[in-house]
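Engineer: Listed below, chain by chain, are the residues.
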Amino acid sequence: MNIFEKSQAIKNQELKAKDNLDNFLRTIDNTNDSINAFLEINKEDAINKAETLDKKIQNKEKVGSLAGLVFSIKANINVEDFIISAASKTLENYKGSYNATVIDKILKEDGIILGITNMDEFAAGSSSETSYYGITDNPAAPGRIPGGSSGGSAATIAGDMCDISLGSDTGGSIRNPASHCGIMGFKPTYGAVSRQGLIDLSMSLDQIGPMAKDVTGLSMALDTIVAHDPSECSSIDYKKPNFTQTALNAKNSESPFEGMTIAVCDEFRSITDDKINKIVDKKINELSSLGAEVIDFCFHYIDLCLPTYYLINYVEFFSATRKFDGRKFGHRIEDVCGDEVFRRIEMGSYISQKEFSGKYYKHALKARSLIKDEINAMLKGLDFIMSSTVPKLPHKIGEKLDPMEMYAYDVLTVIANLSGIPAASMKAGEVDGIPVGLQIQANSLEDEKIIHALSALEEI
Amino acid sequence: MKCGLEIHVQLETNSKLFCECKTNYQEAPANTNICPVCLNQPGAKPYPTNEKAIENALMISLMLNCKIDKNLTYFMRKHYDYPDLPSGFQRTSVPIGYEGELNGVGITEIHMEEDPGQFKPDRGIVDFNRSGIPLIEIVTEPEMYSPEEARSFLKELIRVLQYSGGARGEGTMRADVNISIEGGNRVEMKNINSIKGAYKALKFEIVRQKNLMKRGVEVKQETRAFLESQMITVGMRLKEDADDYRFIPDPDLPPMKVSDEDIAEVEETMPEAPHNKVKRFIESYNIDEESAKVLTSELDLAVAYEEIVKEIDPKFAAMWMKDELQRVLTYNKLSFEDSGIVVDDLIELFSLLQNKEITTKAGQRIIENMPNNKQTPKAIAEELGLIGIVKDDEIIEAVKKTIKENPKAIEDYNNGQKASLNFLVGQVMKLTRGKADPGETVKLIKDNIN
Numbered sequence: 001m002n003i004f005e006k007s008q009a010i011k012n013q014e015l016k017a018k019d020n021l022d023n024f025l026r027t028i029d030n031t032n033d034s035i036n037a038f039l040e041i042n043k044e045d046a047i048n049k050a051e052t053l054d055k056k057i058q059n060k061e062k063v064g065s066l067a068g069l070v071f072s073i074k075a076n077i078n079v080e081d082f083i084i085s086a087a088s089k090t091l092e093n094y095k096g097s098y099n100a101t102v103i104d105k106i107l108k109e110d111g112i113i114l115g116i117t118n119m120d121e122f123a124a125g126s127s128s129e130t131s132y133y134g135i136t137d138n139p140a141a142p143g144r145i146p147g148g149s150s151g152g153s154a155a156t157i158a159g160d161m162c163d164i165s166l167g168s169d170t171g172g173s174i175r176n177p178a179s180h181c182g183i184m185g186f187k188p189t190y191g192a193v194s195r196q197g198l199i200d201l202s203m204s205l206d207q208i209g210p211m212a213k214d215v216t217g218l219s220m221a222l223d224t225i226v227a228h229d230p231s232e233c234s235s236i237d238y239k240k241p242n243f244t245q246t247a248l249n250a251k252n253s254e255s256p257f258e259g260m261t262i263a264v265c266d267e268f269r270s271i272t273d274d275k276i277n278k279i280v281d282k283k284i285n286e287l288s289s290l291g292a293e294v295i296d297f298c299f300h301y302i303d304l305c306l307p308t309y310y311l312i313n314y315v316e317f318f319s320a321t322r323k324f325d326g327r328k329f330g331h332r333i334e335d336v337c338g339d340e341v342f343r344r345i346e347m348g349s350y351i352s353q354k355e356f357s358g359k360y361y362k363h364a365l366k367a368r369s370l371i372k373d374e375i376n377a378m379l380k381g382l383d384f385i386m387s388s389t390v391p392k393l394p395h396k397i398g399e400k401l402d403p404m405e406m407y408a409y410d411v412l413t414v415i416a417n418l419s420g421i422p423a424a425s426m427k428a429g430e431v432d433g434i435p436v437g438l439q440i441q442a443n444s445l446e447d448e449k450i451i452h453a454l455s456a457l458e459e460i
Numbered sequence: 001m002k003c004g005l006e007i008h009v010q011l012e013t014n015s016k017l018f019c020e021c022k023t024n025y026q027e028a029p030a031n032t033n034i035c036p037v038c039l040n041q042p043g044a045k046p047y048p049t050n051e052k053a054i055e056n057a058l059m060i061s062l063m064l065n066c067k068i069d070k071n072l073t074y075f076m077r078k079h080y081d082y083p084d085l086p087s088g089f090q091r092t093s094v095p096i097g098y099e100g101e102l103n104g105v106g107i108t109e110i111h112m113e114e115d116p117g118q119f120k121p122d123r124g125i126v127d128f129n130r131s132g133i134p135l136i137e138i139v140t141e142p143e144m145y146s147p148e149e150a151r152s153f154l155k156e157l158i159r160v161l162q163y164s165g166g167a168r169g170e171g172t173m174r175a176d177v178n179i180s181i182e183g184g185n186r187v188e189m190k191n192i193n194s195i196k197g198a199y200k201a202l203k204f205e206i207v208r209q210k211n212l213m214k215r216g217v218e219v220k221q222e223t224r225a226f227l228e229s230q231m232i233t234v235g236m237r238l239k240e241d242a243d244d245y246r247f248i249p250d251p252d253l254p255p256m257k258v259s260d261e262d263i264a265e266v267e268e269t270m271p272e273a274p275h276n277k278v279k280r281f282i283e284s285y286n287i288d289e290e291s292a293k294v295l296t297s298e299l300d301l302a303v304a305y306e307e308i309v310k311e312i313d314p315k316f317a318a319m320w321m322k323d324e325l326q327r328v329l330t331y332n333k334l335s336f337e338d339s340g341i342v343v344d345d346l347i348e349l350f351s352l353l354q355n356k357e358i359t360t361k362a363g364q365r366i367i368e369n370m371p372n373n374k375q376t377p378k379a380i381a382e383e384l385g386l387i388g389i390v391k392d393d394e395i396i397e398a399v400k401k402t403i404k405e406n407p408k409a410i411e412d413y414n415n416g417q418k419a420s421l422n423f424l425v426g427q428v429m430k431l432t433r434g435k436a437d438p439g440e441t442v443k444l445i446k447d448n449i450n
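Taken in sequence, the protein lines are chains A and B. Residues in the first sequence are numbered consecutively from 1, following our numbering. Residues in the second sequence are numbered consecutively from 1, following our numbering.
For the record, the hints were derived by calculation from the structure and aren't laboratory data. Model, not experiment: these values are computed from the prediction. Heads up, a few of these hints could be off.
In the DSSO-like style, the derived pairs of lysine-lysine whose C-alpha atoms are separated by at most 27 Å in a straight line are [to be verified]:
id, chain 1, residue 1, chain 2, residue 2
1, B, 190, A, 354
2, B, 356, A, 354
3, B, 220, A, 354
4, B, 418, B, 430
5, B, 361, B, 67
6, A, 366, B, 70
7, A, 380, A, 359
8, A, 372, B, 257
9, A, 328, B, 257
10, A, 43, A, 11
11, A, 362, B, 418
12, B, 2, B, 257
13, B, 70, A, 372
14, B, 220, A, 362
15, B, 78, A, 362
16, A, 366, B, 120
17, B, 70, A, 328
18, B, 361, B, 443
19, B, 22, A, 328
20, B, 220, A, 359
21, B, 78, B, 220
22, B, 120, A, 239
23, A, 354, B, 418
24, A, 95, B, 22
25, A, 354, B, 78
26, A, 366, B, 443
27, B, 443, B, 401
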């Protein structure tokens, strides 16, 4: 039963919202201590909400599209009355003082917000090892990192602790843990989902998106959270598609990839683990047999991607963290944060100095437009760019990586953030029992097309 | 000496620059006009820039004869650490207008900013009601050469801002005043909150720097604070300690573009700046600069003048409004707007004068009675019996009577006491109830004595 079918079952009284929730609560009781996916849950409110919904449904009252579905939320998205710490000691005492736009939308559609998930501190990481609240384990590959920074969110999905999770993706933070945990993760077009209420990592790159076990979970969440938000300046106003309908239609389509063109890049393959390439190639070849045309493309700027991404990330993060000066929230960030957050603040402070202003940040912005132009040119007349999501397998918890090795996880995912295009990851297969993700990128605002592809692929 | 100014004034808007909170921060109890956005709670993003604020900034730029930047304009983040700044940075736009002019002083640029909150150490609180209120900063060239020039520039600037209706007045002004005296370095004075303060700070600084120079001490490049209570400046920091604000374009706010249509729209509705009005009055109505300045000192007065000159000779109207109307307003401590004197009344009065239905003297008495008087000038004149100029033979009769009744004064006059003539004229006026023409009377007295 996929998530859409589950929601129908709840509305048809074949499944009680309360039972759906109880299942998750049991799993959480049994496994969350060892996995450390949830930082906080509000059992009582969730149970009340589920029971209220069941009553409403029984009384034939109207309920929202997400009625009874259970959500987990990354700890950098404001939810009233939960501790929204961004997994940092800096904000250990900060209670969400308002609801992020996406939270209000989910509540309006009767989604049940069960709790808050672990993550890399301030989303500055790719392994979920840097949280002030400890490391999250990978339910799909125990003993290995779940990826990051939305590792807690991915683990609540992979570990059967909820239906849908909201994460944030700045350079791959949804797709990377989705890949490592063998689930689906979706980073929408920049601006398609309001960032109002998302604690900043890098404002021009950050985007909220859903994670779930199947495409209907993603699409139901997107139907709710993709919307123009007049209170947020980067929010775009476009005619939003019906994602769930698209996902359902794709499943009934006889030749869902007929006439579609998919680009693959040698530059992406050459930096990726061979075992991973093998799995991903196999998946893409299957598409070929379903009518898609697969063509080779050159992407010239692969070496520019990480330096560009990190320069922008450092500077914007430095700026975003100036409010954590110790006065309002109790701790000055530099006094209590972990190494990676400190490194980014220091680097951001250094390269944004007046004497360097033309040298680093402005160059990074220029490089960013080069990358964006190249990607847009490449996607012109094409439907998708496909590759692996992450170039290597998740390392074992405890293994020490230097910063550059850690950053290398992001090389294939940062491109979508730098160019603002939508991208998703779904499980392509396994290498030695460890999940491997297929990344699908499409033109800006063609989020719907990705949902179509994910849904069709899910059926293979 | 040379002086340049950086003047901050709040823009007149109902809501803050990046959120919908109200701007009446002075009336509201501390920390009641706040929201996650202006409080900069974690995750809160600015709403789209307040359009009224942009419009006002554009209007003020145009009124100060600035060129408008038609490229992309955007907000920068200026980072610094202070208790009143809840985000750790202040949003400040790139110039909206540049290369303007007022009172012969160049305007370097005009840009928008958001006001920080108010740190009140004495009460142990930070009040964020003010946080996010839109400001403009007006930066001038160092083209004022005395404290007096700086003062008159600021007065004129505040007048332009009042005219515009787009900015709050002197009460919200905060100025940084830069001064350099030949042989010394540039000194910047901060925390100046009034025109008087700017004047006093400059006065003090000139004395201080000249004394240093006399003793052979170098005037260092530094930032000084002005202490309003004592009217002195004290050192804050030397140039070497200057802050690096690490400016970056704000990633949360998309760039804006001012179009020709936007400019045309603002130009169509904006009031003409007073200094531009002065120029136009001089050229169109052929009046002197002093009259033009007086007439434009108040927007309502200038508007009234332009109505009046549709029916009355502009020079005549200007003379009467500059001298007599202004005298009466000053005496009664009234602005024209509050005087209750309306255009039609002035037209009626000036017509009576021009048609020689009343004398100048009568006109003066009538206008003195006009503030907050519902009667028309004609009615006032009739009530005071001032209508009509006395015919020549009536005056001659009065003159003869005066000479006859005042032999002593005639004798004095003949003995060279010229002042006696004034007494005699006064007597004639009394007899004619002010309706005689004074010049004519003098002539007649002289003729009749001889």
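Engineer: Each hint should be assessed against the structure and marked as holding or not.
Structural biologist: Hints versus structure:
1. A C-alpha spacing of about 23 Å is found between residue 190(B) and residue 354(A), which places the hinted pair at or below 27 Å, so the restraint holds.
2. Among the hinted pairs, residue 356(B) with residue 354(A) is inconsistent with the structure: their alpha-carbon atoms are about 73 Å apart, more than 27 Å.
3. For the suggested pair residue 220(B) and residue 354(A), the alpha carbons sit about 23 Å apart, so the restraint of at most 27 Å is met.
4. Using a Cα cut-off of 27 Å, the hinted pair residue 418(B) and residue 430(B) holds, with the two alpha carbons roughly 20 Å apart.
5. Annotation: proposed proximity of residue 361(B) to residue 67(B) is violated, straight-line Cα distance about 49 Å (limit 27 Å).
6. As the CA atoms of residue 366(A) and residue 70(B) are separated by approximately 22 Å, the hinted pair is consistent with the 27 Å bound.
7. Distance check on the hinted pair: residue 380(A) and residue 359(A) sit about 32 Å apart at the alpha-carbon level, beyond 27 Å; violated.
8. In summary, the hint linking residue 372(A) to residue 257(B) is supported, as the alpha carbons are separated by about 22 Å, within the 27 Å threshold.
9. Of the supplied pair hints, the one linking residue 328(A) and residue 257(B) is violated, its CA atoms being roughly 36 Å apart against a limit of 27 Å.
10. For the proposed pair residue 43(A) and residue 11(A), the alpha carbon gap of about 22 Å is at most 27 Å, so the pair holds.
11. This hinted pair does not check out: residue 362(A) and residue 418(B) have alpha carbons roughly 85 Å apart, beyond 27 Å.
12. The straight-line distance between the Cα atoms of residue 2(B) and residue 257(B) is roughly 35 Å, outside the 27 Å bound, and the hint therefore fails.
13. Distance check on the hinted pair: residue 70(B) and residue 372(A) sit about 26 Å apart at the alpha-carbon level, within 27 Å; holds.
14. Restraint check for residue 220(B) and residue 362(A): not satisfied, since their Cα atoms lie roughly 34 Å apart, outside the 27 Å limit.
15. Distance hint between residue 78(B) and residue 362(A) is fulfilled; the C-alpha atoms sit about 16 Å from each other, no more than 27 Å.
16. Distance restraint check for residue 366(A) and residue 120(B): the Cα-Cα separation of roughly 43 Å exceeds the 27 Å cut-off, and the hinted pair is therefore not satisfied.
17. Between residue 70(B) and residue 328(A) the CA atoms are separated by roughly 39 Å; this puts the pair beyond 27 Å, and the hint is violated.
18. Of the pairs offered as hints, the one joining residue 361(B) and residue 443(B) holds, with about 18 Å between alpha carbons and a cut-off of 27 Å not exceeded.
19. At roughly 22 Å between alpha-carbon atoms, residue 22(B) and residue 328(A) fall within 27 Å of each other, so this suggested pair holds.
20. Between residue 220(B) and residue 359(A) the alpha-carbon distance is near 31 Å, which puts this suggested pair outside the 27 Å criterion.
21. Among the hinted pairs, residue 78(B) with residue 220(B) is consistent with the structure: their alpha-carbon atoms are about 26 Å apart, no more than 27 Å.
22. Proximity of residue 120(B) to residue 239(A) is assessed by CA-CA distance (about 49 Å); at most 27 Å being required, the pair is judged violated.
23. Of the pairs offered as hints, the one joining residue 354(A) and residue 418(B) is violated, with about 79 Å between alpha carbons and a cut-off of 27 Å exceeded.
24. At roughly 25 Å between alpha-carbon atoms, residue 95(A) and residue 22(B) fall within 27 Å of each other, so this suggested pair holds.
25. For the hint pairing residue 354(A) with residue 78(B), the CA-to-CA distance comes to about 11 Å; that is within 27 Å, so the pair holds.
26. Restraint check: the Cα-Cα separation between residue 366(A) and residue 443(B) comes to about 88 Å, which exceeds 27 Å; the hinted pair is violated.
27. For the proposed pair residue 443(B) and residue 401(B), the alpha carbon gap of about 16 Å is at most 27 Å, so the pair holds.
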